[in-house]
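Undergrad: Here is what each chain is made of, one letter per residue.
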Amino acid sequence: MLGQAIWWSSIALESLLLFRGFRGRLASRYPAFYFYISFVLFQDVVCFAVARWTHSSDAYTSAYWTAEFLCVLVSCGIVFEIYRVGLAAFPGTARMARNLMGLVFVVVLIKLIVNIVKDPQWWTEASARGVEGTLRAIQGVAIVALIALFIFYSVPFGRNLRGILMGYGLFVCWSVFCLTLAPPTGRLHDILGVLYSALYPLFLVLWLVPLWSYQANAAPKRAIQLEQDYQRVAIATQRRLHEARSYVARAVGS
Amino acid sequence: MIGNPTALLLGSVLFLLLLLLARRGAAAREISSRSDVPLFDDEASLDPCPPEFVTRIFSSIDWDFVTCTKSRELQKLFRRERKLVALVWVHQTSRAIRRIMREHTEATRQSHDLHFATEIKLVAMYAELMLICGMLLLAIQSAGPQRVGGLAGYAQTLSQRLAQAQQDFKVVTTGRHFHRAGSA
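If you're matching them up, the sequences are chains C and X in order. For what it's worth, the working numbering labels the leading residue of the first sequence as 1, then goes sequentially. For what it's worth, the working numbering labels the leading residue of the second sequence as 1, then goes sequentially.
Below, a sample of chain X positions facing chain C; criterion: calculated Cβ distance under 10 Å:
{"id": "1", "residue": "Phe15"}
{"id": "2", "residue": "Arg102"}
{"id": "3", "residue": "Glu106"}
Which chain C residues stay away from chain X? Per the calculated CB distances, all over 10 Å, these:
{"id": "4", "residue": "Leu2"}
{"id": "5", "residue": "Ile11"}
{"id": "6", "residue": "Val45"}
Just so you know, the hints here were simulated from the structure itself, not pulled from any lab data. Where is the CB? At the ideal position from N, CA and C, for every residue including glycine.
Could you build the full structure based on these sequences and the hints that come with them?
TA: The structure is reproduced here in structure tokens:
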């Protein structure tokens, strides 16, 4: 009964989200996000059909996890879209983001290679849940790096992009908790499995409210002046920070 | 592939950052839409208080004078007031440091020729200063400004000794290197 309610509410909310997205021309501005929602809707319908007509738990499990794996790959586009739209007017922060994400992915890749070398059987023994948990964790690291830059550089957001980021960030956070902390079998596994699905309609509502209509991203009013090139600004900041350090040392050491 | 402690840490950091983002959203919008105040004011003063006043906050001269009066109430009052002044000074200083970095990020976020390595160095320097301010706050709260002054003096002497030792070590190793190169 609860499963049916989650299924039907998810399908209804996803359809409404897509309807509002196409009606408010949000889909053309955030194509990766709306493609993801369309894919999830398609996944829900296909899994529902498989569950209803095949009556085989194996067929359902393989359909579900195949679709879920594809869904995680499609959702990587959302992270790229947050970076692309959020930093379009901020090339300096975008460059920092590219370098930082590159660094993060190199570290993740090294860790992955080290783990595989230590345990070569991982690929054959890993469950679908474990693979999804790992992929969601990598997405989580990328989102953490992006949000840290957004906060540090005071990048302003429009309501729509903020909604996508907050909803997706919370969804990834919840996925990482549920998929990696759940034991392979047992009561906790079942409880977390139900909770993982049960909260999904809540994330859809979190998206639906800010994406009800289009609102432009706040553009920076002040364009950088030509004479304020990066080197000059950086040298001045470095000098001011050095002054601050010696000021503190002078005052405290007196 | 990903352990439980890593997953917990990652999930918690992500959740905290999302909360921070939600809280700072309105403030970020306000900063971006501010009027045309000069962004990068080189001459902006760091000193929130006059220098002669600042040098007295952590000094023991006033404390010595108050001790001479042998009045416990006066000593107590002095300690409380001086602690308050020291805390306000650290808060003002950390605010000034934050302002320096905010002005920098606002000026460079639109820059096309931003250097990643330079930015990382500046961020590290900023983080170090904020850490010092945090530690000062803790030290003032727990030990009082006079003792912090003493501790800072001790730390400064220690760091000078370490720097001298490092310099001596460098001279010795460079000498050895030259000696080997000469004999080869």
